[in-house]
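The sequence shown begins at 44 in this note's numbering and counts up by one.
If you're looking for bench data, these hints aren't it; they were derived computationally from the structure.
Note that beta-carbon positions come from the ideal geometry of N, C-alpha and C, so glycine has one too.
Any given hint could be a false lead.
Distance windows between CB atoms, simulated [unchecked claim]:
#1 ILE50 <-> SER75: 11 to 21 Å
#2 LYS92 <-> ALA113: 44 to 54 Å
#3 ARG124 <-> GLU70: 31 to 41 Å
Here are the simulated EDC-like pairs of lysine to aspartate or glutamate, each with C-alpha atoms no more than 20 Å apart in a straight line [said to hold, decoys possible]:
#4 LYS92 <-> ASP105
#5 LYS92 <-> GLU123
#6 LYS92 <-> GLU112
#7 LYS92 <-> ASP116
#8 LYS114 <-> ASP98
#9 LYS95 <-> GLU115
#10 LYS95 <-> ASP116
#11 LYS114 <-> GLU70
#12 LYS95 <-> ASP81
#13 LYS95 <-> ASP105
#14 LYS92 <-> ASP81
#15 LYS95 <-> GLU123
#16 LYS92 <-> GLU70
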Amino acid sequence: MGLQRAIIAGCVVLFASATSGCFVGDENRWASPRQIADAAARCGLPAFKPTKVGDAWAAYVDRSVPGHEAKEDCIYADVERQGLLATR
């Protein structure tokens, strides 16, 4: 019984050691709603409101907006140039 406990304890320690450095936190830099709105203004949408998606924000441009796909792409490209991410 002692050997079996030692093996189990060893496996627990090994697993804990192997995974302890993997989940420090989110290493990505997510854009804030203000940063997305500022990017949208530079892309011709001055009154843009970002969409909350989980813990992040997205730059969904409504389909009723003329050229919505190009404007959305512009916003995401602007955010990426700043080294930030937004949910797509």
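Hints and how they fare:
1. ILE50 <-> SER75: 11 to 21 Å: About 49 Å separates the Cβ atoms of ILE50 and SER75, which means 11 to 21 Å is violated.
2. LYS92 <-> ALA113: 44 to 54 Å: Distance hint for LYS92, ALA113 is violated at roughly 19 Å.
3. ARG124 <-> GLU70: 31 to 41 Å: Between ARG124 and GLU70, where Cβ atoms are some 19 Å apart, the hint is violated.
4. LYS92 <-> ASP105: With Cα atoms ~10 Å apart, LYS92 and ASP105 stay inside 20 Å; holds.
5. LYS92 <-> GLU123: With a Cα-Cα distance of about 18 Å, the restraint between LYS92 and GLU123 holds, given a limit of 20 Å.
6. LYS92 <-> GLU112: Given that 20 Å is the threshold and the Cα spacing comes to 16 Å, the pair holds.
7. LYS92 <-> ASP116: Distance of about 15 Å is within 20 Å: holds.
8. LYS114 <-> ASP98: Violated. LYS114 to ASP98 sits at ~23 Å, over the 20 Å cutoff.
9. LYS95 <-> GLU115: holds, 15 Å
10. LYS95 <-> ASP116: Given that 20 Å is the threshold and the Cα spacing comes to 18 Å, the pair holds.
11. LYS114 <-> GLU70: Violated, at roughly 28 Å.
12. LYS95 <-> ASP81: holds, 16 Å
13. LYS95 <-> ASP105: Judged against 20 Å, a Cα distance of about 14 Å means the pair holds.
14. LYS92 <-> ASP81: Given pair LYS92, ASP81 holds - Cα atoms ~10 Å apart, limit 20 Å.
15. LYS95 <-> GLU123: holds, 18 Å
16. LYS92 <-> GLU70: Outside the cut-off at roughly 25 Å; violated.
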